[in-house]
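K.L.:
Sequence:
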Amino acid sequence: MFGYIIQGLIWTALITLGSFFFGSILGIAVAGARVSSSRIVRVCARVWVDIIRSVPPLVWLFLVFFGLAEVGLRLTSLIAAILTFSLIASAYLGEIYRGGLAAIGRGQIEAAQSLGLGRIDIFVRIVAPQVFRTVSPSMVTYGIGLMKDSALASTIGVVEMTFRANQVAQNTGEGLSAFLTVGLIYLAFSVPLGVWARHSDAKASQKYQVG
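Numbering (the working numbering) for the sequence shown: 870 to 1080.
Hints in this document: simulated from the structure, not taken from any laboratory. A few of these clues could be false.
Listed next, with one range per pair, are the computed distances between beta-carbon atoms [stated by the list, open to error]: (1) 909 / 937: 26 to 36 Å; (2) 1035 / 977: 45 to 55 Å; (3) 873 / 994: 44 to 54 Å.
All of these numbers come straight from a predicted model, not from anything done at the bench. We put the CB at the ideal spot given by N, CA and C, even for glycine.
Generate the whole structure from the sequences, applying the supplied hints.
P.N.:
Below, the structure is given as structure tokens:
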């Protein structure tokens, strides 16, 4: 039983890592739009974030998987799951990035501009490293939540751990053992990452207080 369920970890990892990767990239665009000098762009980004965050992930998953199929775009369950969670992640990670951007003093950017650095150089050398250090604990925390949400993909047929545990429960009647196994696997990943995120966040807070 354990071996069968653990094979689903591959699908869980694909959904989690794939969605986090694409969501991180899209999140940069969302964060940039949220702090844009254009009011229209800012409003559009805010509407996007509010809409995404106001609808449960399971509903978005069904809208993407079944909704796109109705208009002729049939995606595999895995691709639909990654697409859905990537779009959701873009809103949440975009807000996380925006918070990191707000923590950077305007004086640093003005000083870099006075030295003749262009926008790309300023972003790569000054903005991005500081934002990453600031928001990495929050990103890890979101990643943990994303990993847990990936279990929802079982509802559209992705054979990840929850899907396999349900099969074991139906075929053998060992539901308690099957889902307890899944829960322990999630704990094995979530607890260490959560501890690291809290430790890093506390360390960063102490650094800023001292500074």
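K.L.:
Does each hint fit the structure? Answer for all of them.
P.N.:
Hint check results:
The given range of 26 to 36 Å is respected by residue 909 and residue 937, whose C-beta atoms sit roughly 28 Å from each other. Distance hint check for residue 1035 and residue 977: the Cβ-Cβ separation is about 52 Å, which falls inside the suggested range of 45 to 55 Å. Between residue 873 and residue 994 the C-beta distance comes to about 49 Å, which sits within the given range of 44 to 54 Å.
When held up to the earlier numbered hints, the structure conflicts with none and fits them all.
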